[in-house]
Structures are given as structure tokens and as C-alpha cells.
Amino acid sequence: MRYRGGGVIGGLPPQSQPQRRKKRKHKPAHPESVTFDSVNGSNHDFEVNTSQLLAEVTTDEMPTTSATEQSTATAASGHGFSYGELRYRILNGGATCAVSALDDGNAKELSSVTSAEVENSQKELVLSGGGNVARSDTVELNRVLLVHGSDSDKSPVTYFLEELYNGNSLRGTTTLGDEKGRERVYDTIFRLPWRCELLIDVGFFVCFNSFLSLLTVMPTRIAITIWRLLRARKFKRPSTVELSDFGCFLMMVCGVILLQQIDISLIYHMIRGQSTIKLYVIYNVLEIFDKLCQHFNGDVMRMLFHSAEGLAKFHPEMESTRFWIWRFISDQVVAIVASIVHSCILLVQAITLSACMVAHNNALPAMLVSNNFAEIKSYVFKGYNKDNVRSLVYFDSIERFHISALILFVLAQNILEAEGSWLGSFLINILLVFLCEMAIDIIKHSFIAKFNNIKPIAFSEFLEALCKQTLNIETEDAKKNLTFVPIAPACVVIRVLTPVYAANLPYNPLPWRLFWIMLFSAMTYIMLTSLKVLIGMILQKHATWYINRCERRKLHAD
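Each residue of the sequence shown is one higher than the one before, counting from -18 in the working numbering.
By construction, these hints were calculated from the structure, which means they are not laboratory data. Any given hint could turn out to be false.
Mimicking DMTMM-like on lysine to aspartate or glutamate, the simulated pairs with C-alpha atoms at most 25 Å apart in a straight line are [unchecked claim]:
#1 K436 <-> D168
#2 K522 <-> D168
#3 K161 <-> E380
#4 K449 <-> D244
#5 K449 <-> D368
#6 K461 <-> E532
#7 K461 <-> E380
Derived DEER-like restraints, expressed as beta-carbon distance ranges [to be verified]:
#8 I507 <-> V350: 36 to 46 Å
#9 S256 <-> A399: 16 to 26 Å
#10 V222 <-> I516: 13 to 23 Å
#11 T201 <-> N485: 24 to 34 Å
#12 I507 <-> A484: 15 to 25 Å
#13 A399 <-> E160: 49 to 59 Å
#14 A399 <-> F295: 47 to 57 Å
#15 L211 <-> F415: 27 to 37 Å
All residues carry an ideal CB built from backbone N, CA and C; glycine is no exception.
Starting from the given sequences, assemble the full structure and let the hints guide the process.
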């Protein structure tokens, strides 16, 4: 910015050049004036004497007065240019300021933008001009941008030295942290992953316990009910539990009978002939429908149990009994259809996983990587509350169990059809599937918790609620419990294990074959019942210990 003498405002005029500026006559105008425009509130224009303005900006703000400020003050007082009107603009309560001069109607800027921090203070300006004195409102200034030299005058060496000795190297793009930020980092890396994995593992065993109950407890109850009816030789009205068990048993039987009609080899060769990208698309679509069916079947089972309870409560002589009978039958049909659809989806998904494992083009790692990272992308960068995160963890527990059922299907297929040494590669593929699933679940939930400010203690609360559900303790948020319907996985497992048992039966006459079938069935029942008792007791002991531990911690915290 230059004045008419040839010098630059903000720097001393050159001494070696003679002053060629002609003297001009100045009109005996009014004292030079400054206008204040405040944009933060209502716009006020004030006339201020120049000497008063220069007195405001003193060395109290800047302890060391540079040559630039002296030159500017000299120019403003009339030694560098003629008197004019100075306009002092304050934008946004003092955030930016600019001083300009009007000389014979031509505006010239006086200063460039600078920055200087000042404390919050209130200044009252007494404004005078042409003999008239006005008093302005109290203005609170947060920042005043004083007159400095332009940054373009700095040499490259000076700029580099300022960058070298002026704070952190990444101060322009990062900020200083605090203890809260450090705690969030260590929560994401250490505290949250093992709590999340513990919750998913406990949920997996809860699902496994429910699966074993369907294969052991429910058939035993139905057999006891039939035995009582045969001994009494009199029809007895069934209870809610007996109606519910009968409905679940009918769903499982219909599912197994329908799956027996499906040709697994035909579907296997159709899927195996596809490319890797098609296998990924097929598996991803089936996984999505699996989650939808799992969620929908939970609502269907609640509907069926509610109808069974209503049918068991009403007296047979009441007029509404017929209504409840037809309602239970219609709900039973809907439940059977939903269970069959879910069983077919799981069967095709198991066949797809088997085709990927035996493929020679490494289709399994490619499918796992693409599918799991697509899962991270679809879940992590979204907003969730604690209830949504709990539902996601429970779904991951159910997904782990479904993957175990699919791997059992692949094992049975290898026993029946594989040739040569296949056990080593099968174990490596199993390890790869479970490690990928575990890593993806940990990464997903760690960053979901980080982005949504969910503490690791929330996963401990989820585990406490799951333990109360294991002990059948009623809670206020019972609708948020883990909901798992094991009928579809049971149908798939029975469908795939039946040929394995049939292939190992000895070639004997029919009575001996029936004997071996009964023997294998009894051995399987005893093994499953023993496993059910073991897992159930371990879950109850763990749930009791964990709930007592949480109560002691809450007591000490209070």
C-alpha cells in the first residue's frame, strides 16, 4: 500500500530519494474524523478525532512499537499525506478491522490485516467533531487487528526459521489432546475388544444351549406328554408349554422333510461353476436374507406362543374357544412356512461356503475379505445408540452360531464325498473363517463405540443383562433380550447328518438295521443331553458369579 510520497505504509520512506511531492494547500476543513461501523449489533457511525484514535492504539497493546507503526502514525497525523476521513470498521464485534483514508474523494487503505490478542474489556469513547460531542455505547472488544507490515515482505529464511521454532510441526492440522482423548484411544485398542469378544462368546453359548434344548428337552417333553395321554386313556387339555413344544416340533419335522427332497449335489455343482465375484454376491445376498429371516422368525414365534397361551387359558365350553383354535392353526401355518424358507436359505448358504472351501482359485479368502470389509463399511460410519449396539452384538453371536452350523455341514459333506487327505486343509479353512469373523467383529464394534461415544462399561452392562436372561430373571427391558430361533439350523444339521449315519449302517436285514438305527439315535441323544447339561450348568454358574460381581461393584461405587 503506497502513499503519494512513494513510500509504503508500514515501512519507512526511502531516505535517498528526494521529496518530489508538491506542496498542496489544505483546506481548513473540520478536524479529521474517524467513523465506527459496528456490525455485531446495530450499525453506529461515530466521528472521532484522529489523535484520539491513535491514542487508543498505544503501546499497551504492543509493548514494542515497530517502525511500521511509527510510519503509519506519522502518515495519519498529516506528515505523509493530507488530512482525510478515517473509517474504522469493526466486523463481528472486533474480529477484523480495517482503516482507510479518503483524500479528495479517493479511498486509500492504511493497513493490512494483522492479529493481536487483547483481554475482554469495555471502552467508552467520547466522540467529538465540529464542536458536537457524542457518547457511544459500551463496546466489548475480543480482538483488535493492529497495523503490521505485510507478510509478503518476509524472506524465505525468516519464514522457515519461524516455522522451525514456532510450536508443533503439525499445529496447523492437529490439536493438543487431553486425558479424555487418551482414554478413548486405549478404550478402542484394549478395553473394548476383549469385553466385546466375551459378550459375543457368551451369546454364542446361549444360542448353542437353546439349540441343544430343541434337540433334547423338547422331544423328551413331547414323549412324556404322549405317554401320559396313553396311560390316562382320556383326553386332557394341553397346557401352554405343551402347545408351544408341539408347535416347534411340527415346524422342525416339516422343515426336515422338505429339505430331504432337495438335491444338494445339483445345487453344489451349479454354485461351484460360478466365478469368485458371483460366489461373493450369492453368499452376501444369502447372509442378508438370513438376518432378515432370523429377525422375522423371532416375531413369528412370539405370535405362536401368544396364541398357544390364549388357547390354553380359555375354557372349552366358551364361545371364543373356536376363535383361538383357528388363530393357533393359522399362526402355526405361518410359522411352518417361515421356518422352511429360513432353512432353505441356510442350506444354500452352507452349500456356497462348501463350494468356496474346495475351490482351487482361493475363493474362500477373497469372499471372506470382501464380505467382511463390506460389513465394516455398512455398519461403522453410522450413528447408533446403546440399544442398537446391543442388538448388533446379539446378531453377531447368532451369526457365529450359524457359521458353526454351516461348517458342520461342510464337515459332513467332506466325510461323504471327499477323497484323499482333506482334514488338514479343512482345519485351516475353519481357522481362517473364525479368525476373520472375530477380527471383523472386534474392529466393527470398537469403532462403532468410538464414533458414538459408547464406553466399554456399556458392554459389561449388556453382558449382565444376558446373564439375567440366562437365569430367567425378569427385567424391565425384556424386549431387548437375545432372540434366537434354532429351528432352521436344527433342520439343516439333521438334514446333513442323516446321510452320514445312513452311510455307516451295516448291510444287514431290516430288523438289524432298525436295531442299529435305534442304537445310533440313543447314543446321539445321550451325547447331546450330556453336552446340554454341561453347557447349561456352566452358563448358570457364570451368570450367577457375574451378576454378584456387578452387584458388589455397584455397592462399592455407591
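(request) List, from low to high, the hint numbers that the structure doesn't satisfy. (result) Result: hints 2, 3, 4 and 15 break, sorted rising.
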